[in-house]
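Residue numbers (the numbering used here), protein chains in the order written: chain A, 29 to 599; chain B, 5 to 209; chain C, 19 to 489.
Rather than coming from a laboratory, the hints here were simulated on the basis of the structure. These numbers were taken from a predicted model, which means no experiment stands behind them. One or more hints might be untrue.
Pairwise CB distance ranges, derived in the manner of DEER restraints [claimed, not checked]:
hint, chain 1, residue 1, chain 2, residue 2, range
1, A, Ser347, B, Gln203, 45 to 55 angstroms
2, A, Val348, B, Glu170, 40 to 50 angstroms
3, A, Ala583, C, Leu66, 48 to 58 angstroms
4, B, Pro85, A, Leu226, 23 to 33 angstroms
5, C, Phe81, A, Lys546, 29 to 39 angstroms
Taking beta-carbon pairs under 10 angstroms as the criterion, some of the chain A residues facing chain B (in silico) [stated by the list, open to error]:
hint, residue
6, Phe111
7, Leu115
8, Leu226
9, Asn265
10, Asn383
11, His486
12, Ile547
13, Val548
Using 30 angstroms as the maximum straight-line C-alpha spacing, the simulated BS3-like pairs for lysine-lysine come out as follows [said to hold, decoys possible]:
hint, chain 1, residue 1, chain 2, residue 2
14, C, Lys382, C, Lys128
15, C, Lys382, C, Lys135
16, A, Lys450, A, Lys546
17, A, Lys239, B, Lys7
18, C, Lys36, A, Lys546
19, C, Lys128, A, Lys443
20, A, Lys239, B, Lys87
21, A, Lys443, A, Lys546
22, C, Lys382, C, Lys369
23, C, Lys83, C, Lys111
24, A, Lys546, A, Lys62
25, C, Lys369, A, Lys450
26, C, Lys128, C, Lys233
27, C, Lys128, C, Lys44
28, C, Lys233, C, Lys382
For glycine and all other residues, C-beta sits at the position ideal for the given N, C-alpha and C.
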Amino acid sequence: MIATGILQIILYFVLLIGLAVPMGRYLAGVYEGKIAFLAPVERGILRLCFVDPDQEQHWTVYALACLVFNLVGIFALYALMRFQADLPFNPAGQTAVAPDLAFNTAVSFATNTNWQNYGGESTMSTLTQMLGMTVHNFTSAATGMAVLVALIRGFTRRQVRTLGNFYVDALRSILYVLLPMAVVMALFLVWQGVPQNLGDYTEATTLEGAKQLIAQGPVASQVAIKHLGTNGGGFFNANSAHPFENPTALTNLAQMVGQVLISAAFVFAFGRMVGDPRQGRALVIAMSVMLTVGIGVCYWAESQGNPALNGAGIDMVTSVTNSGGNMEGKEVRFGIANSALFAATTTGTSNGAVNAMHDSFTPIGGMVPLVNIMLGEVVFGGVGVGLHGMIIFVIVTVFIAGLMVGRTPEYLGKKMEAREVKFAVLCILIFPLSILGLGGAAMVLPAGLAGMSAAGPHGLTEVLYAYTSATGNNGSAFAGLSGNTPWYNSSLAVAMLIGRYLVIVPTLAIAGSLAAKKIVPPSAGTFPTYGSLFIILLIAVIVVIGGLTFFPVLALGPIVEHLMLAAGTLF
Amino acid sequence: MIKQLIPSVLLTIFLMALTGLAYPLAVTKIAQTVFPTQANGSLVERNGTVVGSERIAQGFDRPDYFHPRPSATTAADPNDPTKTVPAPYNAANSGGSNAAPTSKAFVDATRDAAAKAHADNPKAHGGVPVDLVTASGSGLDPDISPEAAEFQVARVAQARHAPEAEVRALVAAQTAGPVFGMIGEPVVNVLNLNLALDQRWPIAH
Amino acid sequence: MSIHRPNAINLFEGGILKSAIADSFKKLDPRDLVRNPVMFTTAVVALLSTILFARDVAFGGQFVKVVGQIAAWLWFTVLFANFAEAVAEGRGKAQADSLRKTKTETQAKKVASADSKTWTTVAAANLRAGDLVVCEVGDVIPGDGDVMAGIATVDESAITGESAPVIRESGGDRSAVTGGTRVVSDRIVVRITANPGESFLDRMIALVEGAKRQKTPNEIALTILLVGLTLVFLIVVATLPAFASYSGTVVPMVFLIALLVTLIPTTIGGLLSAIGIAGMDRLVRFNVIAKSGRSVEAAGDIDVLLLDKTGTITLGARQAAEFLPIAQVGERDLAEAAFLSSLSDDTPEGKSIVTLARSRFGFKDPVSASAMSFIPFSAHTRMSGVDMNGTEIRKGASDAILNYVADKSGRTPGGQPKDRSHWSNGWPRRAARPCWWRVTARRWEWSTSRTSSSRGSANVSPRCARWASAR
């Protein structure tokens, strides 16, 4: 760990918060309907789609609209991949994608996971990348944002049965937020060296005379939205480690800020929309504390290098002119600090883009992204889903706090009763059920064991990471795992579906139930949800629930691997 | 269900047109106009032929060139498409080794690479910088750290029959510091450095 | 009226403990256990580990001692949870018994007819509509009804919040009386108009006995949370062998059991019902009547208490707290007059004047009581007093005194006191003004009493005084 590395991490936070505050104000305006400069366009589009923009939906209808819209998207993407060989814009002549891989990929992009069991440049045609991947990058993000907005409305509305209109919220997310930001970001990326063309792959003759086929395409437009929408599905196999996806330190910074910006801004917008910015600030602080700890641990672990390489005449000391540390799977232009920072932010959010190969991280360094996802990706989290995951934990926290003082717990004036707790518990239950249930199955089935690339505890971590990432809709991977098999394609798709929709539906149910309640004005007995006591309690609840749930299995994976590595055991 | 199906389908079609076609095509149009070089992959031409991309690493084995970082990219096995074979610096299929830190194969290979690096660069002192013996994440990392360049200066200078100090100065000139002095790490672009070498001390092939 | 605190019941009363120990075994019935899912899980796991223990003992196992220990601890956990619940229930029962005693204490004097001289004592609960009861000074009116005969002042403060007793008489619109109010003076005959329904007392008894106890909403929510967490940890433990098998480790069943029990929230789960019962128990101790589980929580949620009737918090008995003489009247003189004129006033107000005078100046009961003629307070005259040696001392409502003086002397003592403003700020002007006066050979003395709600005075003599009561 060196000063310049720490300085960069601080700079990142300053930049992020500095941008998130005004952005939060903008988001609040958009969803409250105060910023509506595109209203004629928006209403025109909705009318063409037979949607009455003024008709609000009950939570069940809102949820149904969300599910149907996503289902249509899954079918469209599946069809696109299956027929890509016969469709235009296929410069590299890619063949049809196999059914199981196409199913996995369609689910993966619709659920904002963007788990990739394929190499983009060697599997997907340009048309599929544009019409399929890029579109889903927008729609899956918009889905998450719409669901969060509905949840926020649950808090702000009083004694109302409706939550707004899903189509309106989703479309607004794209028109006002994602699309304009994506255009700006894409052009910035191109300026820094990200290709954006529709031409064929380029053949070069290297200085030593070898032939090199350089894959290209409309990279910038997809990469921009992949970060803004916390999708993470790369144009290239190596994702943001690829020099075309992430050519400079500046693009790296932009991508790291971009993948957290909307999520962080939403937290501020949340405070603003519920009429008490302190509430948003408290959550930002809780998230930042957890993110900082994650970054710190990861940066420290990766800076240490690999003890198994000691005495081999390798200089692993980090300095201004030497990358040092554990550089396997990392890029020189990012070094250790930015790789650790990226790993923590991409898993704190549900992004899942990687600028370094997590599989090659040191055991403890690799455990940080794993734990981040296991805790529910609530450190800013995916656009929309992150904050609503956090609010689920807040509900549990205020409930426990309420019991301690003997009052019916309330959050933002809404009483938390059996119904809310029931759905919150359901959301929490989903994670271990999917991760440990499916992961455990993979650990005993031959089909599951066959996919591991590493022996020893690292193999366990690879599988665990896969199901954690799929359930958390993250999409990053310990990529050594050979996921492109019928077993992994289907079981991971199931994990992604569970992790997405079995969380969205209960969340909307909570929103619906909250909207129907009245707002109790705060009084002397109200547990304040913006003070340091609350922040500490919230972090404790997240860590205790996540920690108790996953510690046993972590002990069998990264923790024992760390101890074995220190003892010099190799596999 | 049906009631929601119609708006969903129509909205999906509309969004495909907007975000799947209009958005990338518009960005392409603007990018091609404003940043044509970058938008087409920052290709480098010499004597009319494309020699590579400034952004993409290519293999250098000869002692008179600076070597990039190892690459763990693969390609489909020509004999069996379901398998892959190592194909370093394959710019059509990026990827890292994904080797576990506790992998014996990885540790042995890295130790061997370090031994080889020391053998290739007998005049270099100190340990071989770690980036020079570990595969990058993309397998296409175009850069090496300044230390890694310094490690090779003596060898290249000898092979080019050039004074070490001048080669070192060339490296320094090709070293890009962090942006604004604080964002990112200092890097040396291997392709640009080698092109500069060829220009300064040409070698007849 | 003083705050009634039910006798605190000792937590570790022998009787409760003994029956609780027996109950904690009775509660091992699966039908009882299943109501508390966390404890049910623990019990199932305990059973499982007992079977494992038995197997290991029979066939020899690697971890016999550990298994035995775990089984013992698990059973202890279950039994302790049952025990806690049983103790809480035992306390509830004891509480209910003490409530029941209160209930049977309310007696009614049932009469055959309005002019009947004799009555039979019956329990208030046995009264039916149409029954006639007689209520005399100090009696609690046993049920809602109408005054059939007589006139009396009734302390309705517990219901209306009005601290001054009100007059209830037969006929007219002042004939309705409410059960639970108390007759302060005189005697009335009341015809009961309502069958005693399920009184709040009955409900409360049922509640604390736990028979009808429903889970409070928060308890339900907490149960859900605990069940959820139990499920989470069940998944954790159930999948652990799969992960461990990869590492070539076989985790013995007994360790999985131990891990599960460590993880699941047994403590909260075990004490949950005890907590609920304890909540009601505590409320009862503060005289808060919880009619349902929800109201126990509502009591916790109260921030501001708004009452349009202050009855529940007002002590209906006005209490004298201070003698405030005016002008040249000595405080002792005033106190003496007030003391003498109140000796025959049995209302709480009168009694309190006597008490105050005794404590301030140590007055004894007059020796020459036989020479005095006491005039008791009545709702008709609204005065009480004493006649002795030609001196009349009267104390009462100001208009009653004024009229009395006017009748006696043939002239109306006129005017309002000139210097009223310096007495005190903010005297309510509307209330009745109890006054006293005495007539000596040469002069009238005239004073008022200050009570919690009635203020004011008129002054006909140079000396005037009042006394204040506690709020």
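Would you pick out the hints that fail for this structure and give their numbers low to high?
Of the numbered hints given earlier, those the structure breaks are 1, 2, 3, 5, 6, 7, 12, 13, 14, 15, 17, 18, 19, 23, 25, 26, 27, 28, listed in rising order.
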